[in-house]
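Protein chains in written order, with the numbering used here: chain A, 1 to 112; chain B, 1001 to 1110.
Rather than coming from a laboratory, the hints here were simulated on the basis of the structure. Keep in mind that a hint or two might mislead.
[What the hints assert, rightly or not] Stretches of chain A that chain B covers, calculated by requiring three or more beta carbons in the stretch to come under 8 Å of a beta carbon on chain B:
#1 41-49
#2 64-77
[As the list claims (entries may be wrong)] Not close to chain A: a few residues of chain B, all C-beta gaps over 10 Å, as computed:
#3 Pro1014
#4 Ile1018
#5 Thr1024
#6 Asn1053
#7 Arg1060
Where a beta carbon is used, it is the ideal one built from N, C-alpha and C, also for glycine.
Residue-level listing of the chains:
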Amino acid sequence: DGGITQSPKYLFRKEGQNVTLSCEQNLNHDAMYWYRQDPGQGLRLIYYSQIVNDFQKGDIAEGYSVSREKKESFPLTVTSAQKNPTAFYLCASSSAGGQPQHFGDGTRLSIL
Amino acid sequence: QKEVEQNSGPLSVPEGAIASLNCTYSDRGSQSFFWYRQYSGKSPELIMFIYSNGDKEDGRFTAQLNKASQYVSLLIRDSQPSDSATYLCAALNYVDKIIFGKGTRLHILP
Chain A
1 DGGITQSPKY LFRKEGQNVT LSCEQNLNHD AMYWYRQDPG QGLRLIYYSQ
51 IVNDFQKGDI AEGYSVSREK KESFPLTVTS AQKNPTAFYL CASSSAGGQP
101 QHFGDGTRLS IL
Chain B
1001 QKEVEQNSGP LSVPEGAIAS LNCTYSDRGS QSFFWYRQYS GKSPELIMFI
1051 YSNGDKEDGR FTAQLNKASQ YVSLLIRDSQ PSDSATYLCA ALNYVDKIIF
1101 GKGTRLHILP
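All chains should be modelled from the sequences, with the hints used to inform the complete structure.
Spelled out as structure tokens, the structure:
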């Protein structure tokens, strides 16, 4: 089955720790995205990548980093510089040319 | 600042009635429009997309687009309790920049 796989489903971060959220897709999509969603809030774009080895900051990139070494994979690292990381993180992908984004099941990150 | 505006709700609709969800967008360069359904604690799921002015029907769902008024709507006929969710409207422009609204909470009353 084609889709987007995010792991883990739940993640806990200690103070001062970096954590990495995984996102893998087998849809052969060129573009991949990371969003953050806080309770009762909309989606806020963290980073996006339209092609391998290239990515751009979204609206709230501070405290986060990404890489895009393979078309299928777009991991997000939440660094210790992100002071309020507790949120629901969503990865999405799309093909180019006006096509919709499809989402993974999300990772819920909490602070210990 | 390009925006997509939605009434946050909750919108309460009796079971079996038509639910009407509305959205306006500010970017006149928007070309494609999407409706996502998001159940509490889950990720958004694409339910409809529309590119041209007019109506597009898919089962119980109808998307309506009026580019002159910068207005998109989603009608859900014969509303079911399982339709209770938050509905996100999104607009995509010609450089593939997508903007999501904050969503409308829909509650179908049994």
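For each hint, the structure was consulted:
Counting residues of the stretch 41-49 of chain A whose beta-carbon sits less than 8 Å from any beta-carbon of chain B gives 3, enough to reach three: the coverage restraint holds. A count of 0 residues in the stretch 64-77 of chain A with a Cβ less than 8 Å from any Cβ of chain B is obtained; the coverage claim is therefore unmet, three being the minimum. Annotated as non-interface, proline 1014 of chain B keeps its C-beta farther than 10 Å from every C-beta of chain A; the closest such distance is 25 Å. Every CB of chain A lies more than 10 Å from the CB of isoleucine 1018 of chain B, the least distance being 24 Å, so the non-interface label holds.
A cut-off of 10 Å between C-beta atoms confirms that threonine 1024 of chain B is not in contact with chain A; the least separation is 15 Å. With a least CB separation of 15 Å from chain A, asparagine 1053 of chain B remains clear of the 10 Å interface cut-off, as annotated. Remark: the non-interface label on arginine 1060 of chain B is consistent with the geometry, its nearest Cβ contact in chain A lying 19 Å away (cut-off 10 Å).
Checked against the numbered hints above, the structure violates only hint 2.
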